[in-house]
Amino acid sequence: MGRGTTAAVSLGRPVLSLTGVLTVCLAALAFVAVMIGPFALSPSQTVMALLGQGDAQAAIVVWNIRVPRVAAALLVGAALAAAGASYQALFRNPLVSPDILGVSAGAGLGAVAGIFLSLPVAAIQASAFVGGMAAVGVVTLVASMVRNTDRTLTLVLIGVVIGALAGAATSLLKVMADPYDQLPAITFWLLGSLAAITTEDILPALPMVFIGLIPLALLRWRINVLSLGDEEARALGIEVGRTRFLVIAAATLITASVTALAGVVGWVGLVIPHIARMLVGPGFGRLLPVAVLIGAGYLLIVDTLARTIAQVEVPLGILTAVIGAPFFVWLLARGRRGWA
Amino acid sequence: MLEARDLAIGYGATEIGVGLSLSVNAGDILCLLGPNGCGKTTLFRTLLGLLPALSGEVLLGGTPIAAQRRAEIARQIAYVPQAHAPPFPFAALEVVLMGRTARLGAFGQPGQRDRDAAMRALQQLGIGDLAHRDYSRLSGGQRQLVLIARALAQDATLIVMDEPTASLDFGNQAQVLAQVAALVSGAAAEGRGVILSTHDPDQAFALDARVLLMKDGRPHADGTADDVLTATNLSHVYGLPVSVETTGSGRKVCLPSLGRQSAPTMTSEAFTMA
Numbered sequence: 001m002g003r004g005t006t007a008a009v010s011l012g013r014p015v016l017s018l019t020g021v022l023t024v025c026l027a028a029l030a031f032v033a034v035m036i037g038p039f040a041l042s043p044s045q046t047v048m049a050l051l052g053q054g055d056a057q058a059a060i061v062v063w064n065i066r067v068p069r070v071a072a073a074l075l076v077g078a079a080l081a082a083a084g085a086s087y088q089a090l091f092r093n094p095l096v097s098p099d100i101l102g103v104s105a106g107a108g109l110g111a112v113a114g115i116f117l118s119l120p121v122a123a124i125q126a127s128a129f130v131g132g133m134a135a136v137g138v139v140t141l142v143a144s145m146v147r148n149t150d151r152t153l154t155l156v157l158i159g160v161v162i163g164a165l166a167g168a169a170t171s172l173l174k175v176m177a178d179p180y181d182q183l184p185a186i187t188f189w190l191l192g193s194l195a196a197i198t199t200e201d202i203l204p205a206l207p208m209v210f211i212g213l214i215p216l217a218l219l220r221w222r223i224n225v226l227s228l229g230d231e232e233a234r235a236l237g238i239e240v241g242r243t244r245f246l247v248i249a250a251a252t253l254i255t256a257s258v259t260a261l262a263g264v265v266g267w268v269g270l271v272i273p274h275i276a277r278m279l280v281g282p283g284f285g286r287l288l289p290v291a292v293l294i295g296a297g298y299l300l301i302v303d304t305l306a307r308t309i310a311q312v313e314v315p316l317g318i319l320t321a322v323i324g325a326p327f328f329v330w331l332l333a334r335g336r337r338g339w340a
Numbered sequence: 001m002l003e004a005r006d007l008a009i010g011y012g013a014t015e016i017g018v019g020l021s022l023s024v025n026a027g028d029i030l031c032l033l034g035p036n037g038c039g040k041t042t043l044f045r046t047l048l049g050l051l052p053a054l055s056g057e058v059l060l061g062g063t064p065i066a067a068q069r070r071a072e073i074a075r076q077i078a079y080v081p082q083a084h085a086p087p088f089p090f091a092a093l094e095v096v097l098m099g100r101t102a103r104l105g106a107f108g109q110p111g112q113r114d115r116d117a118a119m120r121a122l123q124q125l126g127i128g129d130l131a132h133r134d135y136s137r138l139s140g141g142q143r144q145l146v147l148i149a150r151a152l153a154q155d156a157t158l159i160v161m162d163e164p165t166a167s168l169d170f171g172n173q174a175q176v177l178a179q180v181a182a183l184v185s186g187a188a189a190e191g192r193g194v195i196l197s198t199h200d201p202d203q204a205f206a207l208d209a210r211v212l213l214m215k216d217g218r219p220h221a222d223g224t225a226d227d228v229l230t231a232t233n234l235s236h237v238y239g240l241p242v243s244v245e246t247t248g249s250g251r252k253v254c255l256p257s258l259g260r261q262s263a264p265t266m267t268s269e270a271f272t273m274a
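If you read the protein sequences in the order shown, they are chains A and B.
1 is the number of the first residue of the first sequence in the numbering used here; add one for each residue after it.
1 is the number of the first residue of the second sequence in the numbering used here; add one for each residue after it.
There's no promise every hint is true.
Quick partial rundown of chain B residues pointing at chain A, CB under 10 angstroms, derived from the structure [as the list claims (entries may be wrong)]:
1) L51
2) R100
3) F107
4) G186
Not the full set, but computed from the structure, chain A residues with beta-carbon under 8 angstroms of chain B [to be verified]:
5) W221
6) L236
7) I238
Here chain B is said to cover these stretches of chain A; the calculated rule only asks that three of the stretch's residues, wherever they fall, bring their Cβ under 8 angstroms from a Cβ of chain B [as the list claims (entries may be wrong)]:
8) 28-34
9) 87-95
10) 213-220
It is worth saying that the hints were derived from the structure and are not from the lab.
Virtual Cβ for every residue (Gly too), placed ideally from N, Cα, C.
Only chain A is shown next, with the shape it has when bound in the complex (with noise of 0.2 angstroms):
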């Protein structure tokens, strides 16, 4: 009893508490993301303008353009991380990324359809929602139809071949497209951004997200013993492929989700749950969290980087490739530890 009891804690308290410092580090840099723009708030207006009262240009600046821009920057951040952190268990590599399974092909594809068809803003995020859930759906399906003992793999391979035929239809649509007016929309898109995002754009990705995370916090446990492979997992009392179905819809829903929101931002999914991981362990139930909070994190200071570093907007993708190579050579460079 004793020693269970030091188990529990040791592998217990000190989350607890780092993520309770995470969020309030998160508070405090949402706060200052608030701030910070061409049109810069003092902490006191910036209060007011919160409580809705005080100056009545702040609080538009606040409440239209700030507020939501920096919510979306979290939401993004914080779903990129989560569907990274899950891929990567899944698939037993530290190297995957969310867009293993070619959602962010398959969500780019729909965008750009999208905006090649001159769709509205609403149409072109639900055609990109539609192509990344599409894609992955059918790399599971053509991977169930090849006959393969090893269903990772298999899943993997077709995630490839899905999505460089979404890259190819991607390219002739680009190729087709107005050069003055699509082909520069297409191009920003397929880099992510998030300005001009309102709060209507917001609303219907919120709720995608937390329905995606339901299932990964309630899995958590068979999440990490899936690590371990198909086969030990299955002696272990997993139904393998039903688990595995379930958390690949999850994370895609969130990929997709967030992807038809922001456009492709990679890098953040792959490098963030290596952070998380650095931090508190591989423990699924520990990583998700703490993975979550530091995604919303990055991406808020990234974004707020891609608003004000220039007189134009940066692109967010350039950004994190920017940030996330280096950052992910040095890691490498750290040696067999770096998978921690």
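Starting from the known structure of chain A, fit chain B onto it as the hints suggest.
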């Protein structure tokens, strides 16, 4: 507790073994021996219900294994794979806790009782001090012991071990083997049975096990170690002269001939089997 009747095993259209029957009850150790590629692993996968039998059936607790859910099976059979390195640095205690999965609900988390069971299992194998160490950084022998602890925590009456001493050094082999013997006949045996595969016939003598000697997917001989592991049988199955001798302490050991002239050792056929 486990009975296999006239199994044909294999993958899809490829038949790897036929005519395999065995049964294991509480207190039994069944040792599977045979050259590389003789079908031991495929037989294991079939016995664990991971691979459907091509014909014949596997009965677990009197019921066909094919009709049972994974969790039901896992509450009866624990599987100890060869020591491996997982992609993520779980603590040894977490790896052992995973053995409790079949006793949790679909959305359940291991609680204090599970943690205590996992800790007891580690202590029973004398490796309680490894509980909070990174499993992926343990030595091969330590990892193998952790996986055996996981099988104990799983609380199944039958434990299936795939070459538990493969790739272990001399000392670790003896240590793991002693633990295997204790699983069945020790004070805490609790009516367990064990099936293990090995490449070392001496281990079957050391464990006083029942032996199923396989060749090319068929049972070559089946019975006590003394009856099955004879010079004739071993020489035939492994394709080289083997002598079985009794040491001064009364234990039997198997000695393959290493003579260049007398032994048609690694023929090209033997290589293909590997």
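Original post:
Which of the numbered hints above does this structure break?
Top reply: 4, 8
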